[in-house]
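**Student:** Using the sequences and the hints, build the whole thing.
There are 2 protein chains.
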Amino acid sequence: MPDQRPRLRDTHIRLAHGNGGRMMHELVDALFVSALANPDLDSHADAVALPVPAGRELMVTTDGFTVQPLEFPGGNIGSLAVHGVVNDLAVSGATPRFLTLAVILEEGLEIALLERVIASLARAARECGVAVVAGDTKVVGRGDCDGMYITVTGIGFRAPGLGLGFSAIVPGDRILVSGPIGDHGTAVLLAREEFGLRGEMFSDAASVFAQAQALMAVPGLRFMRDPTRGGLATVLHEIARATALGMHLSESAIPVRIAVQSVCELLGFDPLYLACEGRIVAVVAAEAAATALHALRELAPGAAMIGAVRAGPPLVVLDTAFGGQRVLDELDDDPLPRIC
Amino acid sequence: MPDQRPRLRDTHIRLAHGNGGRMMHELVDALFVSALANPDLDSHADAVALPVPAGRELMVTTDGFTVQPLEFPGGNIGSLAVHGVVNDLAVSGATPRFLTLAVILEEGLEIALLERVIASLARAARECGVAVVAGDTKVVGRGDCDGMYITVTGIGFRAPGLGLGFSAIVPGDRILVSGPIGDHGTAVLLAREEFGLRGEMFSDAASVFAQAQALMAVPGLRFMRDPTRGGLATVLHEIARATALGMHLSESAIPVRIAVQSVCELLGFDPLYLACEGRIVAVVAAEAAATALHALRELAPGAAMIGAVRAGPPLVVLDTAFGGQRVLDELDDDPLPRIC
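Chains as they are written, first to last, in our numbering: chain A, 1 to 340; chain B, 1001 to 1340.
None of these hints come from the bench; they were simulated from the model.
Accuracy of the hints is not assured; some may be wrong.
Here's a subset of chain B near chain A, in silico, CB distances under 10 Å, partners left out [unchecked claim]: (1) R1022; (2) T1062; (3) D1144; (4) G1165; (5) R1225; (6) G1230; (7) A1233; (8) A1242; (9) D1329.
Just a sample of chain B residues kept apart from chain A, beta carbon distances all over 10 Å, derived [claimed, not checked]: (10) E1071; (11) G1108; (12) L1197; (13) M1216; (14) G1220; (15) F1322.
Beta carbons are placed, not taken as given, at the ideal position from N, Cα and C, and that holds for glycine.
**Tutor:** This is the structure:
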């Protein structure tokens, strides 16, 4: 069947594609509406009406994406934006339903690249069961943006009274992670080829919704978060700060791919601080840990129990493979900017 | 009373302010949370739960802001972002309630400037009765952004069955505008000082919520929109395209400030295509036009009836002051990029 989508005459973005007039409408119709079409999307409305399921809480989150390069093994800025926002809703216990999409495009951006990004955003949205319901397009001049930035706001719904959160965490709880850490950060790093390093490392970027739902079926689940910017260590610092409890990790239990470990050793990074985009960190009651791990492994075979919550100073402490202890500092400088 | 807000040691944005770790938390606490604090904002959550009033439709809109310069007479990118999104909800018949805020900051941005922008965003939000409930901060390197970009998503609620929209418009309806057009575009243009022009022209950026509510009380209201990018002419082209009806304007009835007219004549712009950020274009039934205009003038003394909808080709036609007719083209090139 021939492709019936409207075609653009231009091959690169022009300032006029952001002017609110004819060229912007053509761009929006040719690229965005054709890829993202769904009953709730109305590209000609100022705001859209969305259905709210009875007896559910409305959940909202927003995230800007500035990843560089725009395309990397395992994803691009479009699919990443969907997965990032879907995951923020999923770990809050919500079922993601709607997204809004605001793009800032640089004059001169190749339209074929934009088309790939939007196609992959649309595919990710379909796979996650979310509909893009509103959007906005701005164009800035050459040199005022690095290709494109995307901001996605996610809307979902959850049952009230889940009781998840920092305040549910108590000493003795166990800490789980749903798979190897640092894949996304390493994949993006290698895609930059800036350290003379190359490699076929894939980002873990994906929806964690199914995993989050599996964990929510386990009585004793306290808290979930996806370890993105700042990685596993940063999530644990957030928990330590919010609960005033200690986070104790067993280094040998933390799953890290050999490729990630090697790149980190070469460049002086620590995988504990590298971003994942398809993992969950979960805190569960001690007595529920085995059940939770089992439930998680049905979907994520690489899941592991990596530590425990203890009374005491709000530090993140690593029991090293050599029998020592290392206190993990909070991330200070940015070792790896623009990984999401 | 001494200012108790946390203080930042830096005077300019660093990449580490976007790393997800300590410095980002400090920036978020010192600037954003302190200015935007409200019961629904939780800067430590992945997603926030929001109350939905019974029997109301959930309304959502999103908008990216890239205005240059960041500050201009009558507003800055922060207040503009609030007014822009509040207005998109208001003209949809919704009561704006919540905003999410995603900022992209350029390394080296002066923190004092960011503080002014957020203070003014917070003030505008308070005045509009909306709460910022979620946010995200990204930092990109020098030269990868022009100071800062802001994306705001707005959430509001409206009574179902309002019956507003393109499909309600019929031949004979009247077209109203709530005040002089082109003020915002002209103010931003002059603030750039790039044509050797200077002047004390103020943006009209403001909430149109009260005006929208006043119009909604008038039986016979068909449609409202705020004429931002592309100005009045572009809104009328959108209506013409969606309804296949002609939009007929009387040039002498369209309110334009002398300063706007003068700048346009000097630089070859047309005020009909210049952005407003605090106006409504409304379409009302002929028999309701006087009532609607009266209601509007209570709040916006500069409001005017400027034309009518007619059967016939979907063109935007201007009856000129000299007795002639001019068909207004759709905006093609972007005469004035980055005015919002």
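**Student:** All hints are to be evaluated individually against the structure, with a verdict given for each.
**Tutor:** Structure-based check of all given hints:
1. For the restraint placing R1022 of chain B at the interface with chain A, the shortest Cβ-Cβ distance is roughly 4 Å, inside the 10 Å limit, so the hint holds.
2. Hint status for T1062 of chain B relative to chain A: holds, with the closest Cβ pair at about 4 Å, below 10 Å.
3. Satisfaction of the interface hint for D1144 of chain B is found here, the shortest Cβ-Cβ separation to chain A being roughly 4 Å, below the 10 Å cut-off.
4. Given hint, G1165 of chain B at the interface with chain A, holds; its Cβ is 8 Å from that chain's nearest Cβ, closer than 10 Å.
5. For the restraint placing R1225 of chain B at the interface with chain A, the shortest Cβ-Cβ distance is roughly 6 Å, inside the 10 Å limit, so the hint holds.
6. Look at G1230 of chain B: its Cβ gets to within about 3 Å of chain A, closer than 10 Å, so that hint holds up.
7. The restraint placing A1233 of chain B at the interface with chain A holds, with a minimum CB-CB distance near 9 Å, inside the 10 Å limit.
8. Hint on A1242 of chain B holds. Least Cβ distance to chain A is approximately 6 Å, under the 10 Å limit.
9. The restraint placing D1329 of chain B at the interface with chain A holds, with a minimum CB-CB distance near 9 Å, inside the 10 Å limit.
10. The Cβ of E1071 of chain B sits about 17 Å from the closest Cβ of chain A, beyond the 10 Å cut-off, so the non-interface label holds.
11. Taking the minimum C-beta to C-beta distance to chain A, about 13 Å, the non-interface status of G1108 of chain B holds against the 10 Å cut.
12. The beta carbon of L1197 of chain B is kept farther than 10 Å from every beta carbon of chain A, the shortest such distance being approximately 20 Å.
13. With a least CB separation of 14 Å from chain A, M1216 of chain B remains clear of the 10 Å interface cut-off, as annotated.
14. Chain A leaves G1220 of chain B outside its interface by the beta-carbon criterion, the shortest separation being 20 Å against a cut-off of 10 Å.
15. The beta carbon of F1322 of chain B is kept farther than 10 Å from every beta carbon of chain A, the shortest such distance being approximately 26 Å.
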